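Asks: Mapping to this note's numbering: the sequence shown position 16 is 16, numbers consecutive.
Don't take each hint at face value.
[As the list claims (entries may be wrong)] Simulated restraints on C-beta separations:
#1 Pro48 <-> Glu24: 26 to 32 Å
#2 Ala32 <-> Glu72: 17 to 23 Å
#3 Asp62 <-> Glu24: 15 to 21 Å
Hints listed in this document are in silico derivations from the structure and should not be mistaken for laboratory results.
For clarity, every value in this text was computed on a predicted model and none was experimentally measured.
Just so you know, even glycine gets a beta-carbon here, dropped at the ideal spot from N, CA and C.
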Amino acid sequence: MTWFDIVKDVQSYGDLLTIIEEVEKLLEGAYADIEDAAVDVSKDTGMPLEAARRLVRGIQKDTLELIESKLEDYKRELPSQMGDIVGE
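Construct the complete structure from the given sequences, taking the supplied hints into account.
Replies: Structure below.
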């Protein structure tokens, strides 16, 4: 393995870590938005807060599942990226 290959692999690993961090922030933001929306629904309709949370989560279920799935995919890629760097 040449130094160029090592640097390229380290850069790819760093890029993947950056993507994972961004997806985690996106997911945190989605959950915060769900909570905000549930509070608004509860205030506007008089619905109990927990019921409003279930309602909003149900509406956003597919989006959350997609984000969580992609996050897990990226996390599964990390060990193989690390193996490329150390030559395993």
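Asks: If a hint holds in the structure, say so; if it doesn't, say that too.
Replies: Hint check:
1. Checked against the given bound of 26 to 32 Å, the beta carbons of Pro48 and Glu24, roughly 30 Å apart, stay inside it.
2. Checked against the given bound of 17 to 23 Å, the beta carbons of Ala32 and Glu72, roughly 21 Å apart, stay inside it.
3. Remark: the range hint 15 to 21 Å for Asp62 to Glu24 is upheld by a beta-carbon distance near 19 Å.
Violation of the numbered hints given earlier is absent; every hint is satisfied by the structure.
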